[in-house]
Amino acid sequence: MRKHGLIIALVVLLLMAVIGGLALNPVLHWSLERSLETITGAKAEIDRLHLDWSHLTLEIEGFRLTNPQNTWRNLFETKRFHLKLQPEPLYSGKIVVDIIDIEELMINTPRKNDGRLRRKLLPGPFGSAQAQLNKDIAAIPALDFSSIGRGLAQNLLDSHKLETNLSADRIETDIERMNSTRKQNTHQLKATRQKLDDLAERITELKKVKTNNVSEIPKLIEEFKTTRKDLETTGQMLDETKDRLKTDSEQIVNAIRDLKQTAEEDFETLRQLAKLPDFESINFAQALFGKALLNESTTFIRLMEALQAYAPPATNTAPPKKERHGGQNISFPGRKTYPRLLIRKITISGKGVPDNALQTYAAAGVIEGITSEPLVYGLPLEVALSGRSSGPALFTADARLEQASPDFKGNIKLQMAQLPLPDLELAQDNYLPGKISSGKLDVLSILNFNRDRFILELTVDGRHLKGDYSKHPAPADLGMDIVRQVLEEIDHLSIQYRLESHENQLAMAIGSNIDTLIKNRFRAVIGSKITAETDKLRAEIDAQLTARQTQLTGLFQKYQTSYKTEIQTVRESVDKYRLEVEKQQQELEKKLQDKLESQIFKKLKF
Amino acid sequence: MFWIKFFSKLITLLHSGKDPRHLAGGFALGAIIGLTPLLSLHNLLVFLAIFFFNVSIPAALFSIFIFSGFAYLLDPLFHSLGYYLLVQAKPLASFWTYLYSIPWIPLTRFYNTVVLGSLTVAIILAWPIYLGFKHGVKFYQTHWAEKVQQLKVIQIAKGSALVQFYYKVKSWGVSS
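Protein chains in written order, with the working numbering: chain A, 453 to 1058; chain B, 937 to 1112.
Everything labelled a hint here was simulated from the structure, so no lab data went into it.
Treat the hints loosely; a few may be bogus.
[What the hints assert, rightly or not] Taking lysine-lysine pairs in the DSSO-like style, the calculated list, with each CA pair at most 30 Å apart, reads:
(1) B:Lys945 x A:Lys455
(2) A:Lys971 x A:Lys743
(3) B:Lys1026 x A:Lys546
(4) A:Lys455 x B:Lys1074
(5) A:Lys455 x B:Lys954
With the rest of the complex left out, here is chain B (with noise of 0.2 Å):
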């Protein structure tokens, strides 16, 4: 169930006609939150960035998806990541001194070992995800979107209750 699931939002998100840049910026941004702990300050921002930015909300939604199963699995390297950062890396506690001191950054929760962590990765990897997922969806669309359309499954998805509902929230113009 859960990879027909996962295919069936995979294949709407590429066949939903959009720029692949707004659908790689929305899979940027998503995967941002996916890889952080939900509960931090800089997942606000992000949030409002995919409101308001005009980024794929489904892609962002798709993307929290998958790298949250990711980040479970990784918490321990990033705990170990965030721990070398604070408390190892001698030259960066000065920074991190400061930080702690401006009235408003603590409640980002960057001296927290596993937030630190996971952000650096997730900031990191944002561009390569983005120019990764970006091309990924021009060459679909070029080479493998009309053979997947025709595919009988393909027929069978667009009548389940999930694409219906897509076009729904579609047609309301939120994702315009």
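With the rest of the complex left out, here is chain A (with noise of 0.2 Å):
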């Protein structure tokens, strides 16, 4: 025998039980919150660990482990861990755990820090899946209202070029032009004038003439037959005048009286081009829920990934492959066959009060059959948990898993009745309250799998709910105006979702009666605010179209009437000399009428 290799055998073997025994302990506290923290990746905290060889117990006291999900609280938190192993599956290299005693187990409780550490992505098929979905979320049309409601008629007119203010344009245009010519016209009337000053001048003059001259008499009607012939010339070109004024100012009347149509047609044409979102199409449930229930069905998708895989083989698969270099190894029957991992029970106590009233549980329950070959345990995994708040909320879970069936299935039933949502908080929205101040709840969450598929359905039912939003900007449009006049203050709220796998597709389904409620108040306010901005519309467009009017008749009396006034000042005229023409001519015919009467008188006495 070699004494100096006896003497550093039982060194390195002293060496390692006082390691064992000092370093174990922390060493083992170290890889269990390291562990902890890989799976769930998020903080987990040990206050104290304490392994007993002798025993095989281990026992923890303290123990916390963070909400993945809300890094805030805790997933648990436990006052103390009891395990104890079986001795004699050791020596076959298995783990076989005799019970777990769990007491004073607290979900959800409050923590003092944040407790996030840096988390995977799903990984798997799964994860392509959850991305495909998460794909069709996105492309769910955004609650966009904001083509509705404020100032839509000053947009319509702003961007809108009203054929009432063009038709107005040309009546302007054609007013100008009848004023040019007026003025053009007016010069003629000038001369017109002086024209009809030579004639009276010529008609004074004739008057002067005073001769009985038998032979003169007649050359002096003819000059007033001349100049009489030209005061009517005069006069007919005066009426034509007054005739082809008249037949403009008949034209732009007309036609300015003719904008109130062109008004009409252009309010319809507006109102045709407001164009509303069809709300009616939209599924508010979706739109409103959807992202938030699909990341927190994120949870059961990693659930059912982990059941699934969990799943032992399917007995008509073949035969496995001969390892090379690793080699195979082989089961054999025995008269006590452990599965590598076997932990028969956990019994949680129950006791312990929960200090928040509103979030954190007390559970009780009991689990039984977590193994990791459950064809060999041959027995199915039962879980019955509760837990109860200091108020009237409670959950409760109930989950059996067929998994040493050949059909491995599995239901997993969860409910929490009457909890509470006073100052539940919920994540950043702007069309979800940031929370909810009064109401309660009640959830029912329902999963159904076996190895290939998964059907999750969750009934959510709120009642006398309140929203806040007093930490919310205030609305960015109508729409988010409306969803969260009906989210304020809701009486009876109810949500189905619905998520299907099958073949590493993932379904989604969003029923609610938030649906009718909004659509509802939608069809109310937005009727109401149709109507307000046709009648504004109306409104613009007649003040547009009087101001118009109002102008161009303006502008069409302002030269109308002037020149009016001259035409009848220079017809009067006309006539006036006329008449006294008339009267000259008339007396002299009439003079010349009594000598020629006298002469012939004298000549018929001889």
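The two chains are supplied separately, each in an independent frame; assemble them into the complex guided by the hints.
Spelled out as structure tokens, the structure:
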């Protein structure tokens, strides 16, 4: 025998015993915390850990595991965690836990600090399916109602050229053209006045001529006839001008009057241009709650991936491949055959008082049959848990997993009743309230699955809910305003959510009575808004019409009146002179006739 | 370089002046470790045997070195043999079942095809390896030792660091 070898071996064993005794617990403590953090992606804290080799028990005091979904809360917190191992399976390299006893298990307790760690993305095929579903969610049209609402009428008027204005511009152009024609005619009227003055002078001169000569009187009469003809010609010209003026005036007046019809057409055109979003076809429940529900579903998807990976291979699989360098482990039945890992039973005491009345629960219950080799263990996994808060809220969780059956399947039922909601904070969202300030919630979630697919059905029932928007900025558009009005106070909210997976495809469906509530509100509000905007549009168009008509009428009358007066004055002068000439002519003709009668009478007397 | 180291070790071993039985014993035990997967319970027993019994540790180490290389190439053969013994040899099924139910036996991983196959081959070959190496050493020491000692390469190798280390370890008395 080699003494030195023996001494070295003893020294090594002694060192291992001392190191193991002193450092094993701290090393285990650290390892367990890091392992849990790696698995969950959030902080795990253990106050004290003690492994008793002689009794094969593990005792943990003050165990807190952060909720990865909300790092300011613990998933659970327990005062004492006691685990007892069976020694015999250890010799086979197997771990069989007789019992895990958990004392004062509290769920969802608040943390003093943020338990965030860097989180991994969801791996495997569910990752791609979840990414696809996220894309589908992103493709849902956002609730964008910026086209509805304030200043619609003004926007339309600003953006569209009214035909009324265009027509009025054309009428104005016609009036201006008429005015320029009138200016030319005014010159002609001046010339006519001048001519009339000349004719008046001539008449005066003719009237001065006093002759009794029978041969000169006819000449004088002819002069008067010529003058009269000139006056009649002038009069005719004036009449024609007056008629033309009348015709043009009527045209302008009719055109101004017809602007009203054009304004009506403009109004109809703008009404058709005011297109409103088709809110009837929007699934508001999906748009409002889809993203949040899908994010919360990540927990279920992870659970499903873990459970379905846990499934033993189907019986119709091909024989295992022959390994080369690593070898192949062959299992044999034994009198006491244990799976590699088995936790027979976990009991949760149900002791303890939840401190935060609203969101923390003291849990109680039993879990049986957690194992890595369900076929070897042969029994199903069963869970029966309940939790109570210091208020009326309760939760229950029941699950059964037929892990030893060839048809690997299971169901999980989670129920929360009378969950009070004061100060329940929600994720930041423009449409959803920042928190629910009052109300109660019932949640029922049923998950059925087998090795290939799962179906999650979630029903949420809320009563007398009041949403708090005090920390939100003002609504950006009418649609947001309407949604907030509905969500500010709801007597009864019901949401039905279904998530189904089959062959790595995920399908989601959300339904809720919130759809009906919001759509009814939309119809009421939008309807009245549309009427107000329509009236506003009408008033704007009428105002513009009246303004243009007034302007055009004023412009038209300004020139027309003065010109008409001028023509009338000249016409009156023409008529006066014509009458005078006619009178003089008649007098001369009578005088001539008398003279001729007297001459004839004289000749007859002889 | 590999072959230089190989021959250097071999020559050092053969010229160590130890009893050929001790050399052969160490060589045979080392062959068991070399042929089987290192992290197996039986190898712990073999290691303890090497340390506690009067066999040549350098010979054992040399043998582990040699046979590990062979083992990697022979793994498929070991796997086939192990599979045959564990699964296909029906008369042995009850024996394996009995062994499997003994609490500490499964720690030996005998239920692994490569472990069982390689261990079986190693045990079967242990005695022939012992005899063969013993006779080989005797023959070498009788007929070849002197001649090899005179070779220039041996003179150079003696001055090498490895040889120096060997002599140093020898002076500790571990291999006494």
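Hint by hint, here is what the structure shows:
{"no.": "1", "hint": "B:Lys945 x A:Lys455", "verdict": "26 Å, holds"}
{"no.": "2", "hint": "A:Lys971 x A:Lys743", "verdict": "21 Å, holds"}
{"no.": "3", "hint": "B:Lys1026 x A:Lys546", "verdict": "26 Å, holds"}
{"no.": "4", "hint": "A:Lys455 x B:Lys1074", "verdict": "29 Å, holds"}
{"no.": "5", "hint": "A:Lys455 x B:Lys954", "verdict": "19 Å, holds"}
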